[in-house]
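Chains as they are written, first to last, in full-length UniProt numbering: chain A, 1 to 414; chain B, 1 to 414.
Wrong hints could be hidden among the right ones.
When chains are identical, the list treats them as one kind, so a pair holds in a single copy or across two.
Restricting the straight-line Cα-Cα distance to at most 16 Å, the calculated cross-link-like pairs of lysine to aspartate or glutamate (EDC-like) are [what the hints assert, rightly or not]:
id : residue 1 : residue 2
1  : Lys58     : Glu313
2  : Lys175    : Asp370
3  : Lys259    : Glu142
4  : Lys175    : Glu401
5  : Lys259    : Glu154
6  : Lys175    : Asp300
7  : Lys58     : Asp71
8  : Lys34     : Glu59
9  : Lys175    : Asp262
No lab work stands behind these hints, which were simulated from the structure alone.
Protein chains: 2
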Amino acid sequence: MSSSTPCRLDQVQQLDESDPLAFCRQRFALPQHKIYLDGNSLGAMPAHVPARIEQVLKEEWAQGLINSWNDADWYPAPQRTGARIAHLVGAQAHEVIVADSTSINLFKVLVAALRMQPQRRVILAENGNFPTDVYIAQGVSELTGCQLQCVDPEQVMEALSEEVAVLSLTHVNFKSGRRYDMAAITARAHELGVLVVWDLCHSAGAMPVRLNAAGADFAVGCGYKYLNGGPGAPAFVFVAERHIPHLRQPLTGWHGHAKPFDFTHEYQPHPSLDRMLVGTAPQLGVLALEAALEAFDGVDLQVLRAKSEALTELFITLCDQQLQGLGVTLCTPRQAEQRGSQVSLSHPQAYPVMQALIARGIVGDFRAPDILRFGFAPLYNRYQEVWECVGALREILVSGEWNQPQFLARKSVT
Amino acid sequence: MSSSTPCRLDQVQQLDESDPLAFCRQRFALPQHKIYLDGNSLGAMPAHVPARIEQVLKEEWAQGLINSWNDADWYPAPQRTGARIAHLVGAQAHEVIVADSTSINLFKVLVAALRMQPQRRVILAENGNFPTDVYIAQGVSELTGCQLQCVDPEQVMEALSEEVAVLSLTHVNFKSGRRYDMAAITARAHELGVLVVWDLCHSAGAMPVRLNAAGADFAVGCGYKYLNGGPGAPAFVFVAERHIPHLRQPLTGWHGHAKPFDFTHEYQPHPSLDRMLVGTAPQLGVLALEAALEAFDGVDLQVLRAKSEALTELFITLCDQQLQGLGVTLCTPRQAEQRGSQVSLSHPQAYPVMQALIARGIVGDFRAPDILRFGFAPLYNRYQEVWECVGALREILVSGEWNQPQFLARKSVT
Chain A
1 MSSSTPCRLD QVQQLDESDP LAFCRQRFAL PQHKIYLDGN SLGAMPAHVP ARIEQVLKEE
61 WAQGLINSWN DADWYPAPQR TGARIAHLVG AQAHEVIVAD STSINLFKVL VAALRMQPQR
121 RVILAENGNF PTDVYIAQGV SELTGCQLQC VDPEQVMEAL SEEVAVLSLT HVNFKSGRRY
181 DMAAITARAH ELGVLVVWDL CHSAGAMPVR LNAAGADFAV GCGYKYLNGG PGAPAFVFVA
241 ERHIPHLRQP LTGWHGHAKP FDFTHEYQPH PSLDRMLVGT APQLGVLALE AALEAFDGVD
301 LQVLRAKSEA LTELFITLCD QQLQGLGVTL CTPRQAEQRG SQVSLSHPQA YPVMQALIAR
361 GIVGDFRAPD ILRFGFAPLY NRYQEVWECV GALREILVSG EWNQPQFLAR KSVT
Chain B
1 MSSSTPCRLD QVQQLDESDP LAFCRQRFAL PQHKIYLDGN SLGAMPAHVP ARIEQVLKEE
61 WAQGLINSWN DADWYPAPQR TGARIAHLVG AQAHEVIVAD STSINLFKVL VAALRMQPQR
121 RVILAENGNF PTDVYIAQGV SELTGCQLQC VDPEQVMEAL SEEVAVLSLT HVNFKSGRRY
181 DMAAITARAH ELGVLVVWDL CHSAGAMPVR LNAAGADFAV GCGYKYLNGG PGAPAFVFVA
241 ERHIPHLRQP LTGWHGHAKP FDFTHEYQPH PSLDRMLVGT APQLGVLALE AALEAFDGVD
301 LQVLRAKSEA LTELFITLCD QQLQGLGVTL CTPRQAEQRG SQVSLSHPQA YPVMQALIAR
361 GIVGDFRAPD ILRFGFAPLY NRYQEVWECV GALREILVSG EWNQPQFLAR KSVT
């Protein structure tokens with residue numbers, strides 16, 4: 001579809017009809033009369049999750065009680081669920097485990113990386129990253145005495161040096177949707193002996209991530225965006241096989257112990273990636289995430305990415321055609337290989353505009369100070385939703401519909 | 001009931017009939033044909049939890065999607081649930097918050113306590129504590145360079161000194177059931193300027209804990225034992241009001257920020273106890289725990305403790321009367337004020353004996369190397385269950401029923 005020829009609804013509908021992933025949408029319980037373009041804040045619910053959780057509650061917990069840790073295989077759920085995610089991020093099954101939150105996993109790998117490079121005293125991070133990544137690096141810096149150096153994204157390559165112990169980047173930026181070249185950056189970092197942590201919150205489940213092909217050292221990511229694990233779903237952590245035996249993370253809880261049920265006095269890390277575990281796994285969350293990941297069954301990740309590119313491409317094309325002169329600026333790279341599965345627009349009145357859009361049943365996200373963010377989840381979003389979203393946005397901007405008290409008043413946002 | 005006069009079944013049944021907490025048992029979904037005396041490993045399921053979670057999944061997540069963080073009040077759930085727990089542990093509502101796991105919360109408060117006492121370099125802890133408490137203290141010691149000193153429980157008082165920054169104890173020991181005098185130890189520690197962290201895993205929900213009456217500084221505890229929050233339920237953390245403004249914990253994630261949704265670059269802790277939050281709360285777990293805590297509605301904690309004492313007293317009396325000469329030794333203090341809500345027995349064949357008991361539908365816990373552990377949850381356990389447990393134990397020991405291959409073979413245990 002060329003951006004010079006106006007795009008028509010029937011063409012868009014044709015895209016849905018020929019969508020090889022159309023069968024996936026029925027795997028989700030989506031609200032009627034709503035267009036949901038915020039799966040990168042909270043993924044939609046896979047329809048079979050409630051039945052699985054009902055079984056966990058009424059059978060495994062209520063009837064099986066403590067024995068379910070063994071009899072219902074609760075105990076290996078973090079490893080089992082990690083193995084499912086490994087498939088989505090280009091890792092081996094034993095290199096990914098589900099645990100805690102993204103922030104906590106980042107803390108573990110940053111401290112572990114610093115311990116692997118004790119002669120180096122710099123953590124390199126990026127300005128404009130999702131705040132928790134920077135905050136956690138600040139906390140690690142304060143605790144370890146290492147220096148935290150934050151640079152703008154385009155300066156990362158030149159800021160790499162033999163003084164840097166670890167580079168911490170997010171693969172796809174939460175605000176702009178810009179995507180780093182994971183392989184190129186990791187390769188350059190390794191030339192200088194720098195370890196790299198990739199935050200995959202905005203890429204895992206939206207595209208094939210190729211951690212091992214890129215030679216990645218560590219990665220973290222969340223379970224509740226494109227993985228659809230539910231609100232506050234547990235996060236995951238990847239450690240390259242070559243690092244696992246040397247990895248010493250600081251949150252030395254009993255579930256990371258070599259023999260947790262021997263109840264010995266001295267901490268001894270588990271030989272496997274289990275050493276990244278801390279306390280008892282949040283089972284309801286882990287089991288909901290495990291079930292949710294079945295929504296990816298039979299999905300070719302290349303096809304998933306092709307749809308992600310096509311959805312975002314269509315959105316950009318329609319914005320070009322329909323929003324000219326309405327004060328909207330595209331913030332996401334036009335080159336598909338440089339972006340994730342979201343498109344962000346800036347507009348001086350982004351907050352009330354998004355509220356007006358939500359009032360029409362089209363849910364995107366506002367990100368301070370002026371960003372309208374739209375996430376396209378290729379498992380369940382349709383091309384016609386993109387069409388309807390841009391059309392509504394045009395109407396709201398042309399009519400000034402956003403300029404009403406109920407849209408202008410700020411409320412707490414997530 | 002005197003231990004010299006043999007106790008009769010009809011007397012025990014009379015205790016159940018006059019039990020002022022008998023009405024609470026029907027609040028739980030308990031398996032038929034099972035006697036569950038392991039609520040201190042995983043509490044039983046309050047019967048209304050599945051309906052609440054179904055609502056969370058099918059309405060709040062599936063239909064409300066991202067808006068449920070505001071519209072379904074997900075966002076303040078950690079504070080709301082903390083306030084419910086505060087009532088059970090003698091704290092003010094704003095002094096308790098639900099977050100992460102016990103191990104992770106212990107890490108936060110130990111580092112925070114060390115930062116409050118920078119001129120002191122010793123963490124004092126106890127031998128024989130639940131392993132994760134010691135492991136986490138080892139991790140903090142390694143990370144901060146502070147010395148970890150572990151002493152036997154009876155030496156804690158004399159080991160306190162002006163070199164100790166923080167004392168870390170568990171109120172009720174997981175293995176022996178021995179309970180510390182929280183008020184006396186805290187008072188002595190404070191005389192020497194030592195801060196105290198209490199782990200309440202085995203006391204919260206089983207008895208009235210009096211944190212503020214004891215002048216406690218910090219406490220942590222888990223949601224899945226006597227609080228019945230479900231497998232891997234999130235944990236809680238208490239910080240005395242006087243410490244909150246000065247508390248700097250090292251896991252500086254975005255949910256602990258003063259303004260998480262301003263997405264600023266610099267971490268700034270929230271003025272309130274929200275600063276103990278790290279990443280996005282595990283909502284399924286938090287909301288299940290919140291619902292589960294309704295099982296305490298209308299329960300007088302003095303009455304709860306009276307029943308806890310009476311159940312454990314009955315168990316000890318029946319063991320004295322029925323298990324003499326059978327190789328069983330009581331490991332839990334006979335004085336009610338010195339124990340929690342469990343009774344532990346040692347026996348050289350504790351493992352197969354417990355397996356034989358479980359095969360009869362009576363579920364207690366084995367703790368290495370030789371402990372038979374029985375937890376009595378006053379909300380749902382009955383006196384007759386105590387009677388039947390000791391009777392079965394007697395039969396198993398007298399007959400040698402435990403000495404069979406299926407009971408002797410070790411399997412993984414939790």
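Status of each hint after checking the structure:
Proximity of Lys58 and Glu313 under a CA criterion of 16 Å is satisfied in neither setting, with 45 Å inside one chain copy and 32 Å between copies. When the C-alpha separation of Lys175 and Asp370 is checked against a cutoff of 16 Å, the pair qualifies only within one copy, where the shortest distance is 10 Å, while the shortest distance between copies is 56 Å. For the identical chains of this complex, Lys259 and Glu142 are neighbours neither inside a copy (32 Å) nor across copies (20 Å), given an alpha-carbon limit of 16 Å. For the homomeric pair Lys175 and Glu401, neither the shortest alpha-carbon distance inside one copy (25 Å) nor that between copies (65 Å) is at most 16 Å.
Neither within a single protomer nor between protomers do Lys259 and Glu154 lie at most 16 Å apart by alpha-carbon distance, with minima of 46 Å and 28 Å respectively. In this assembly of identical chains, the alpha carbons of Lys175 and Asp300 never lie at most 16 Å apart, being 27 Å within a copy and 51 Å across copies at closest. In this assembly of identical chains, Lys58 and Asp71 lie within 16 Å of each other by CA distance solely inside one copy; the values are 15 Å within and 28 Å between copies. In this assembly of identical chains, the alpha carbons of Lys34 and Glu59 lie at most 16 Å apart only when taken from different copies (14 Å versus 34 Å within one copy).
Taking the shortest Cα distances, Lys175 and Asp262 sit within 16 Å of each other only across copies (13 Å), while inside one copy they are farther apart (47 Å).
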